[in-house]
Amino acid sequence: MAIATTKRRSKGSTRRVEKRQSTRDRLVVIAMVGVPTLLVIWLVWLPALASVALSFTRWNGFRLSGIEWVGTQNYKDIVSIYPPFWPAIQNNLIWLVFLFVLPTIGGILIAVVLDREMRGSRFYQTAFYLPVVLSMALVGFIWQLFYSTDQGLLNAVLGTNIDWYGDPDINLWSVLGATSWRHTGYIMLIYLAGLKGVDASLREAAAVDGAGEVKTFFHIILPVMRPINMVVLVIVVIESLRAFDLVWIINKGRNGLELIGALVAQNVVGEATRFGFGSALAVIMMLISTVFIVIYLRIVFREERR
Amino acid sequence: MSATTTSPSTTGAAKPSVHTGAGGVMNKRRGTIATVVMLLLALLWLFPLLWALYNSFRSYSYTQTNGYLSFGGWTLDNYQNAWSRGNFGLHLKNSLLITIPAVALTLFLSSMVAFVLARFSYRFNLTLLGVFLAANLLPPQALLIPVFKMFREIPLPTFMSESGTMLNSFWALILVNTAFQMGFCTFVLSNYMKTLPYEIYESAQLDGASVWRQYWQLTMPLVRPALAALATLQVTWIYNEFFWATVLISRGDKLPVTSALNNLRGQFFADTNLVAAGSIIVALPVLIVFFVLQKQFVAGLTLGSTKG
Numbered sequence: 001m002a003i004a005t006t007k008r009r010s011k012g013s014t015r016r017v018e019k020r021q022s023t024r025d026r027l028v029v030i031a032m033v034g035v036p037t038l039l040v041i042w043l044v045w046l047p048a049l050a051s052v053a054l055s056f057t058r059w060n061g062f063r064l065s066g067i068e069w070v071g072t073q074n075y076k077d078i079v080s081i082y083p084p085f086w087p088a089i090q091n092n093l094i095w096l097v098f099l100f101v102l103p104t105i106g107g108i109l110i111a112v113v114l115d116r117e118m119r120g121s122r123f124y125q126t127a128f129y130l131p132v133v134l135s136m137a138l139v140g141f142i143w144q145l146f147y148s149t150d151q152g153l154l155n156a157v158l159g160t161n162i163d164w165y166g167d168p169d170i171n172l173w174s175v176l177g178a179t180s181w182r183h184t185g186y187i188m189l190i191y192l193a194g195l196k197g198v199d200a201s202l203r204e205a206a207a208v209d210g211a212g213e214v215k216t217f218f219h220i221i222l223p224v225m226r227p228i229n230m231v232v233l234v235i236v237v238i239e240s241l242r243a244f245d246l247v248w249i250i251n252k253g254r255n256g257l258e259l260i261g262a263l264v265a266q267n268v269v270g271e272a273t274r275f276g277f278g279s280a281l282a283v284i285m286m287l288i289s290t291v292f293i294v295i296y297l298r299i300v301f302r303e304e305r306r
Numbered sequence: 001m002s003a004t005t006t007s008p009s010t011t012g013a014a015k016p017s018v019h020t021g022a023g024g025v026m027n028k029r030r031g032t033i034a035t036v037v038m039l040l041l042a043l044l045w046l047f048p049l050l051w052a053l054y055n056s057f058r059s060y061s062y063t064q065t066n067g068y069l070s071f072g073g074w075t076l077d078n079y080q081n082a083w084s085r086g087n088f089g090l091h092l093k094n095s096l097l098i099t100i101p102a103v104a105l106t107l108f109l110s111s112m113v114a115f116v117l118a119r120f121s122y123r124f125n126l127t128l129l130g131v132f133l134a135a136n137l138l139p140p141q142a143l144l145i146p147v148f149k150m151f152r153e154i155p156l157p158t159f160m161s162e163s164g165t166m167l168n169s170f171w172a173l174i175l176v177n178t179a180f181q182m183g184f185c186t187f188v189l190s191n192y193m194k195t196l197p198y199e200i201y202e203s204a205q206l207d208g209a210s211v212w213r214q215y216w217q218l219t220m221p222l223v224r225p226a227l228a229a230l231a232t233l234q235v236t237w238i239y240n241e242f243f244w245a246t247v248l249i250s251r252g253d254k255l256p257v258t259s260a261l262n263n264l265r266g267q268f269f270a271d272t273n274l275v276a277a278g279s280i281i282v283a284l285p286v287l288i289v290f291f292v293l294q295k296q297f298v299a300g301l302t303l304g305s306t307k308g
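If you're matching them up, the sequences are chains F and D in order.
First residue of the first sequence: 1, per full-length UniProt numbering; consecutive thereafter.
First residue of the second sequence: 1, per full-length UniProt numbering; consecutive thereafter.
Watch out, some of these pointers could steer you wrong.
[Stated by the list, open to error] The calculated DSS-like cross-link candidates involving lysine-lysine, where the alpha carbons are at most 25 Å apart (straight line), are:
id	chain 1	residue 1	chain 2	residue 2
1	F	196	D	295
2	F	196	D	28
3	F	196	F	215
4	D	149	F	252
5	F	215	D	295
In short, the hints are calculated from the structure, not lab data.
Please construct the entire structure, taking both the sequences and the accompanying hints into account.
Below you can see the structure in the form of structure tokens.
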């Protein structure tokens, strides 16, 4: 998952006018751009278009001649008679809201506190972003040590007998707890980097004007960091839409852990391969993410043009 | 090198842990409260890993009789068992065979695009950047079906893939990971390259250096810090990649270690200490990379996110 706003171009870089480019040089440039571009088109953009096309078909994925056009039937079926769809939408939304409320706000607060002259600040930073290097699947595995019914730490401490990963009423929240462990450090890291870029004189000016720390943060620091805030917004939305690893490793996204990403996979690698139906789910995912990708690219390109 | 070392934006991003206290000093009481809260939180954050480490050294029978909150029962058997039952030797090797080529290919291809984007101003520059960046953000699940179908249809000679198709081969994962990660790397590298002074290219051109030479012998050495940061980050990301490996590899013996976890969970289910040992084994490579190259890792993450 990428994060990026931009650095400003160095001065004078706009006068990159090329003269005297030999034929050989031109061919080299074409190859340098062409090969990577073809790879991206082949493995990302063509499949994206193919997903859209397939979403209007019924197909078990075997012979190409078996493809049958069904118009918008898949979409109608998804919203009306596909039981896991609405729970998945709901869970994805809960995922999104939860990530915003706990790990994002938590990460920002930690970053703000650590952005001070604090002894051992480096140790704290390391502790918080250590989970960021672990995979989400591994996070799920490690949290099994807390959540296991008969051998988990939580039940041992609480004296309960709860199946944290299995009980459909609570497993989403257990998973979100594990997710937060990793996500908080990520957000903290991005904000720490952002806070470092805030001009110190702004704070001084605010202090001279008698603004308190809280007021300074909300009225000066946060607005200044607007590009970072937008990047974090996009990251959180896209990450929560893509969420897959944890629920797949627990129960392949069933029984309380339905997510759209997992539903797509279920329709392809499961016993019943329904390529057209799965594609329609994929397109729904793509449509939602496109909105945020456009927002993101606009931020990036606005910076780029400056 | 002057361009990369004097540019405030790049040095700032490369050393987030060297801290000058831009936020100012807190007063004493608040400082104490903050320290206590941070210390507690940090310990809470370290706890899951420490708990895994602790339990990985304890025997199942001891914890069964004395409960998990006990102390004692030290053993190394869990590591031995987990290693052989989880077939970690094989899966770690698979991860290596996927991660190293994928990272090398990603950096090579994206540095070429980045060079052209930074060095020349063609009309298609922004569009091209958009093509790569947006690809990086699309949910991979949305592309699964066509990619899956395509890879099943593409034959590979058996010396390249035992299965005879792209499906179930390392090539599939190397290419897919590369295609997805190029966007981020292209973006970061082209921004980095734009900070290089234009004059060096003017004089290179006067000396008659070809475009390729300007890329390979002039630019690449200058962007080494960014390449190092991105390499570290990409190693952890591709090693950690779970989704594509899970859906494109159905043969258990071909799975990289992160996706192999899925099979292990069932096998280890009954024994939490085995789960702990398995987790530590899988975490160890990235933790080593992280502790050795911590600076690069953080720099890589923040390279793209800071405004200069």
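(message) Which constraints among the numbered hints does this structure fail? Numbers only, ascending.
(response) 5
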